[in-house]
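Quick mapping for you: the protein sequence lines, in order, are chains A and R.
This note's numbering numbers the first residue of the first sequence as 5 and each following residue consecutively.
This note's numbering numbers the first residue of the second sequence as 68 and each following residue consecutively.
The hints are simulated quantities; they were obtained by calculation from the structure and are not laboratory data.
The model shown is predicted, which means the values in this text are computed figures rather than measured ones.
Ideal Cβ positions, reconstructed from N, Cα and C, are used throughout, including at glycine.
Treat the hints with care, since some could be wrong.
Claimed, not checked - The list that follows gives simulated cross-link-like pairs (lysine-lysine, DSSO-like), each with its CA atoms no further than 30 Å apart:
(1) R:Lys285 - R:Lys249
(2) A:Lys98 - A:Lys61
(3) A:Lys193 - R:Lys139
(4) R:Lys177 - R:Lys251
(5) R:Lys177 - A:Lys98
(6) R:Lys139 - A:Lys167
(7) R:Lys285 - A:Lys193
What the hints assert, rightly or not - Pulled from the structure, derived: some chain R residues nowhere near chain A, Cβ distances all over 10 Å:
(8) Gly123
(9) Asp128
(10) Arg153
(11) Ile280
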Amino acid sequence: MEFAQYITYGVINGSLYALVAIGLALIMGIMGIFNIAQGSLAMIAAYGSVLFFQHMKIDPFVSLALTLPGMFLVGVFMYLTMFMSMNKFDPGQKLRNSMLVSFGLVLIMETLATILWTANERTVTTAYSGTVMALGDLRIPYTGIATIILAIVVIFGLHFFLKHTTFGKSIWAVSQDHDCAMLMGINVKRTTLVAFGLGIALSAFAGAVVSLHTVSPAVGIDWTNKALILIVLAGVGSINGILFAGLLLGIVEALGVYLVGVHYTGVVGLLIFIIVLMLRPQGLFVRKAGV
Amino acid sequence: MLEITGIDVFHGDLQAVWDVSLIIEGKGITTLIGSNGSGKSTVLATIAGLLKPVRGSISFDGVRIDTLPAHKIVDAGIAMVPEGRRLFREMTVMDNLEMGAITKRARQMKNETMAWIFDVFPILKERARQRADTLSGGEQQMLAIGRSLMSQPRLLLVDELSLGLAPVVVQKISQTLDEINKTKGIGIFLVEQNVVMALELAETGHIIENGRIVGTGKASELLASDQVRQAYLGMEGE
Ligand SMILES: Nc1ncnc2c1ncn2[C@@H]1O[C@H](COP(=O)(O)OP(=O)(O)OP(=O)(O)O)[C@@H](O)[C@H]1O
Ligand SMILES: [Mg+2]
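So here's chain R without its partners, still in its complex pose:
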């Protein structure tokens, strides 16, 4: 279980997140939705250790992690699929996967994990020796997910799964994430602008606006709520 307690986070002098508290259940799928610039990526980057909260704390399965450097947080069992995928473009698919398994624990299981990833995303096996930047958008997202899974995380953070992808591709990848969650018991914390997809996939949802949490509930109930329908779904028609 990931427990975020009252964090304030800044980008330089600019505060982006105010007093955010969240509880993310270990085994489920949780989502954080919000519009452009609302602070979703900031929250994720803080969990991953790229940003440090000025106030508040974050703990994972009872261990405080906000004081750890980012690479130790990976070691502790949290991996992140960054917004925009951020692949090592000059490297092959295989090398990208290898970079995901850099911690000592992950390195020992590298071959088994890679075999599993190739099982989940067979296209990556076909493309194993190609440079990452020759892949299509969907394949790149699969590689980004596979690369983060290489560290054998217990919790996977995903920033904007749907970014720049066709609806059918999003559908397919979100289904795969669901399977990974159900079969492997890897918890997933998904951050999305695509509100419908996110709330359909997740069990629990949180809403962030201007750096503050303004709503929390069962995903299915949020999807049906006036708050979400007016603020997010209503906007789509405009």
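This is chain A alone, in the form it adopts within the complex:
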């Protein structure tokens, strides 16, 4: 296979990583909650897409209309029952507690998914699965093109929402100064609840894409791993940076495959993770603290 073909797959994988990471980045950046369960939620959402396709023949991109609000409600439930009470903690304690609680959620969701849908891999096979666009020698799967476009639209859309709409800006204001936001008349309780729900709802985008590849109960934590690498690469609080970090990781992994073989993909990812942590611990795409 040609070099350019590897890079193409790298870009597609990277876009998917970014879609998984974006919800985690939002929730961590805005609320200081470390939600390790984000990848597992994407896994659950992916099963949602699979089931809608199997039983009702709804395309994963169309069933987003159902999985997005569904995951939003899951997020609202999670926030009200588990994370809201952590607001009284100091930031470090909040980070640690949310990490522990969400790790518990990972185990619960993985077990639940195994009981409900077995440990076997599942996938959605649509009419366009396996079809490719040929650009000279280069072959680009249509699902890959959809993944890239979705990642761009979702991430830049979220960035626009936070920076240029009144509600988005009020979420951002709460993240900068919780008490002062109250003094401005912002309903902080409702704003954080919606922001958390939104962060969890974003996992539905990743889920739709994942369902077109393969999904199994154990992939959740793998996706979270990739997401964490992206957050370190991008820097906490960076939204657009997540996309670039995703592309960077995807491409570097692809280069690894091209140069040293497929068994070292994980190692290559961790290597740039460590290099960035050593040389630029604030992340590659953060100038000061900012969204």
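Let chain A serve as the given structure and place chain R with the ligands on it in line with the hints.
Below, chain R with the ligands alone, put in the same frame as chain A:
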């Protein structure tokens, strides 16, 4: 009119305010003076709803507000300029102002109010698209005041107007506050360590010590009184 009746306020287990009662006239300028840690900010935060009194009550124009969440108190017509300004540093001047006009009532008048704020503080108009943390201290205080005015309050609470600012800047901003009070009829409740400035600006003054009100009177009389001269002005020379 704001009526505070016998409030006790705690920070966790620590009581900071004991049995404080105050009446703040709706249209005037009132000040609460006191030294470091005497409980001034605690009183303001309680009016604004960030802290809840354990005993006593607060009502604004006859409506009880101490049971309301903070954002509803803004809706009721009380806005606060917090100590240390607390701007949304990563946001532009314009976005900071927009955040001040978040209640439904304020949002409808957002453009008119902003035009008025730019009229009062022209420098904010020049800096409209700059990040808040690039402003000078005085400009930041102007923005903090402008942001709170965006909610169209009837009563403005100001915590330490003079904090960290040069005397000429304090002079200028306090003059502007006076004009806002006189022309717009917005009541002002100012909390200060800068006793002279506060008592010169206000009509009525209250003195707080160790969380208790220990003096109340006409500002000009307080300024001339032995109590204030010895306790606050005398200390300046030491
Ligand atoms: N968040 C807090 N937790 C615990 N104690 C606090 C807290 N904030 C204030 N206090 C205590 O409450 C008392 C009153 O503090 P407050 O901030 O109201 O005083 P202040 O008059 O505003 O002082 P300053 O002039 O320094 O602003 C002080 O003894 C202070 O140590
Ligand atoms: Mg204070």
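Structure-based check of each hint:
Annotation: proposed proximity of R:Lys285 to R:Lys249 holds, straight-line Cα distance about 18 Å (limit 30 Å). For the given pair, A:Lys98 sits about 42 Å from A:Lys61 by alpha-carbon distance, which is inconsistent with the 30 Å threshold. About 12 Å separates the Cα atoms of A:Lys193 and R:Lys139, which keeps this hinted pair within 30 Å; it holds. For the proposed pair R:Lys177 and R:Lys251, the alpha carbon gap of about 17 Å is at most 30 Å, so the pair holds.
At most 30 Å may separate the alpha-carbon atoms for a hinted pair to count; R:Lys177 and A:Lys98 exceed this at roughly 36 Å. Between the alpha carbons of R:Lys139 and A:Lys167 the distance comes to roughly 25 Å, so the proposed pair stays at or under 30 Å and holds. Among the hinted pairs, R:Lys285 with A:Lys193 is inconsistent with the structure: their alpha-carbon atoms are about 41 Å apart, more than 30 Å. Chain A leaves R:Gly123 outside its interface by the beta-carbon criterion, the shortest separation being 21 Å against a cut-off of 10 Å.
At roughly 18 Å from the closest C-beta of chain A, the C-beta of R:Asp128 stays outside 10 Å, upholding its exclusion from the interface. The beta carbon of R:Arg153 is not kept farther than 10 Å from every beta carbon of chain A, the shortest such distance being approximately 4 Å. Distance check for R:Ile280 against chain A: the nearest CB is about 24 Å away, which clears 10 Å, and the non-interface claim stands.
Consistency note: the structure conflicts with the earlier hints numbered 2, 5, 7 and 10.
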